[in-house]
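Spelled out from the first residue to the last, the chains are:
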Amino acid sequence: MNKVTTIFLVLIALVILSAMAAVTFGPADIDSAELISCLVGSCQNQIANIVIWQVRIPRVLVALVAGMGLAIAGAILQNTTRNPLADPYLFGIVSGAGLGATIANISLADNLTIALPLAAFLGALFSVIIVVFIAKVLQRMEQLLLAGVAVSFMLGSITQFILYFGEPFATNRVIFWLMGSLARVEMANFYVIASVLIVAIVTVIAVHRQIDALLLGDESAASLGVDVDKLRLLMLGICAALTATIVAYCGGIGFVGLMIPHIVRQLIGVTTLKLIIGSALIGAIFLIWVDVIARSSLPHAEIPIGIITSALGSIFFLFIMYRSRAIT
Amino acid sequence: MSTLLNISQLSWQVQNKAILQNINFNVRKGEVIGIIGPNGAGKTSLLRCITNQNNILASTNVTGSVQLKSRAITQYSAKEVAQHFALVMQKNDTIFALSVQDVMKMGLLPHKTLFSLDSDHDKAQINLALKKVGLEQALHHSFNQLSGGEQQRVLIARALVQASQVLILDEPTNHLDVFYQHQVLQLVNKLNITVIMTVHDLNLASLYCQRLLLLNQGQLICDGSPEEVLTPKQLSQVFGLPCQQSIDPMTGATQVSFYLPETDEHHSRFSESVDE
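Residue numbers (the numbering used here), protein chains in the order written: chain A, 1353 to 1680; chain B, 18 to 293.
None of these hints come from the bench; they were simulated from the model.
Positions of the beta carbon are idealized from the N, C-alpha and C atoms, including for glycine.
Check the hints yourself; a few may be wrong.
Unchecked claim - Part of the chain A face toward chain B, derived, beta carbon under 10 Å:
{"no.": "1", "residue": "Q1430"}
{"no.": "2", "residue": "I1458"}
{"no.": "3", "residue": "A1522"}
{"no.": "4", "residue": "V1554"}
{"no.": "5", "residue": "R1561"}
{"no.": "6", "residue": "D1564"}
{"no.": "7", "residue": "A1573"}
{"no.": "8", "residue": "G1577"}
{"no.": "9", "residue": "V1578"}
{"no.": "10", "residue": "D1581"}
{"no.": "11", "residue": "Q1618"}
What the hints assert, rightly or not - Below, computed lysine to any residue pairings styled on SDA-like, alpha-carbon distance capped at 20 Å:
{"no.": "12", "chain 1": "A", "residue 1": "K1582", "chain 2": "B", "residue 2": "K129"}
{"no.": "13", "chain 1": "A", "residue 1": "K1626", "chain 2": "B", "residue 2": "F113"}
{"no.": "14", "chain 1": "A", "residue 1": "K1355", "chain 2": "B", "residue 2": "S136"}
{"no.": "15", "chain 1": "A", "residue 1": "K1582", "chain 2": "B", "residue 2": "Q70"}
{"no.": "16", "chain 1": "B", "residue 1": "K46", "chain 2": "B", "residue 2": "N206"}
Build the full structure now, drawing on both the sequences and the hints.
Right under this line is the structure:
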């Protein structure tokens, strides 16, 4: 067995162990014997049964697929744009989702459970359509990233304008939503995110050689028979759908897409197949544990998960800068 | 030798500027052809048209035809074109730490379907190609950390894995020192496949190409053996510097040397370009 296969098997084991361990964390006092009996369906304590099956397991599963999805979206964008700093956030996806969520909150105060994710999803897609449109008009697909940053700021300022004049309650809700949280997720959310994730992974595995060919430049890829613009557009669409779905249910969770592929490149390799599988596994482990920290580090409150990922992400960023300074 | 490529009345115009003008020539199987000419003569543009990069021949700015095995190249899919032509580019901008193996695997792409993984046969092909370019030890080395000459050789090996019939090289000796220049061109010469390459150094082109195409301002000035093409009259017209032709006593190849202008005619272009 080669080194990469071994690492993948270890990571798969860690994902399963992390998910199981994470179910034991939480405010309700449930010991491991009770946990196991509830998991196998012979639970004596009905409250424990409900807490495990309706609160903790959905939450851990959503953390798992959201971590996978965000990390994969970052990995795909980085390889298709040959830019290690590409991240779904830089393409305006999250600010678009934020604008959608803001409009939903301000204009439809009731029935937010369906309206909020839907509006966030539409906002994210809207921003991606603008970004691609701008890049198309400029006829420069490599400028997607710059167009993304511009659109991100534009939508962000519209959001802030609406929030500034909006009703304080709605404004509060949006601000908390933007910080990211898994506190209100349900099993249904897991199914939706997992379906999009499966479509994304299957598509990327199908075209992994094409994406790899891009790593040595657009011209080189085109000479190997790759339709560079079409491939990039397809991958951007997949990342947008993936990120928009996750952001719609979980709010803003930054830096996962930037940080995890970076670790995978150091640990496993840079080519697409290795990067995607590695990012999915490490992303899942990362977000499961960050969510454990988010819900169990303060006695009677939760820390929004986006605050923790951003804090860890920025420290990580400085660490990379420090290390690359040491190398050069 | 059978005709592999037929380029006929090829012209490319961009905003009233002629990039290529009425280019006609054939390429026979097994030929090693060098395209020479000053900067901006249209050498790389010609390579782009021959391989129909980004479907350039479909653009309204381009007229004329390129036929591969008596069939218009526009009728081939991008994948089929990649099965016939392997390109070795001037510049490779990668920032990720690709290994030599990763780069080599790219060569398999035109022969693979969606979802396909690497087979043992693929691995054997890769090892064989690296052996041919003398880099069998470098499989797991980082591509970026190789010397310029080694990178070129890896890309040539990638072209071998691609198993195409024509190898296209754009300035393969750029940024290489004298040793690597000869090493790379000697390698290309020994591969026994059809090669079309742009070369800046006229003496290297003469030494390693059976046939030269001299381009100037988008026009094909001369097409023939090095001896026929590298004449002082033609070269001094095209490059704006007086030159002399000689035969290299060691190799027997036609060689040229340019010297500083003395006549007014040459001097005017030279001093203009210096002033720029």
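Hint check results:
Taking 10 Å as the C-beta contact cut-off toward chain B, the hint placing A/Q1430 at the interface holds, the least distance being around 8 Å. A distance limit of 10 Å between C-beta atoms decides the matter here; for A/I1458 the minimum to chain B is near 43 Å, and the interface restraint is violated. Look at A/A1522: its Cβ only gets to about 44 Å from chain B, farther than 10 Å, so that hint breaks. This hint holds: A/V1554 has a C-beta 9 Å from the nearest C-beta of chain B, less than the 10 Å allowed.
Look at A/R1561: its Cβ gets to within about 5 Å of chain B, closer than 10 Å, so that hint holds up. Taken as an interface hint, A/D1564 checks out: its beta carbon lies about 6 Å from the nearest beta carbon of chain B, inside 10 Å. Here the hint on A/A1573 is kept, as its CB sits about 8 Å from the closest CB of chain B, short of 10 Å. Because the beta carbon of A/G1577 sits about 3 Å from the nearest beta carbon in chain B, less than 10 Å, this interface hint is met.
Satisfaction of the interface hint for A/V1578 is found here, the shortest Cβ-Cβ separation to chain B being roughly 7 Å, below the 10 Å cut-off. A distance limit of 10 Å between C-beta atoms decides the matter here; for A/D1581 the minimum to chain B is near 9 Å, and the interface restraint holds. A least Cβ separation of about 9 Å between A/Q1618 and chain B falls short of the 10 Å threshold, and the interface hint therefore holds. The straight-line distance between the Cα atoms of A/K1582 and B/K129 is roughly 19 Å, inside the 20 Å bound, and the hint therefore holds.
Between A/K1626 and B/F113, the direct Cα distance comes to roughly 14 Å. Compliance with the 20 Å bound is thereby established for this hinted pair. Of the pairs offered as hints, the one joining A/K1355 and B/S136 holds, with about 18 Å between alpha carbons and a cut-off of 20 Å not exceeded. Of the supplied pair hints, the one linking A/K1582 and B/Q70 holds, its CA atoms being roughly 15 Å apart against a limit of 20 Å. Taken as a hint, the B/K46 and B/N206 pair is honoured in the structure, with Cα atoms around 14 Å apart against an allowance of 20 Å.
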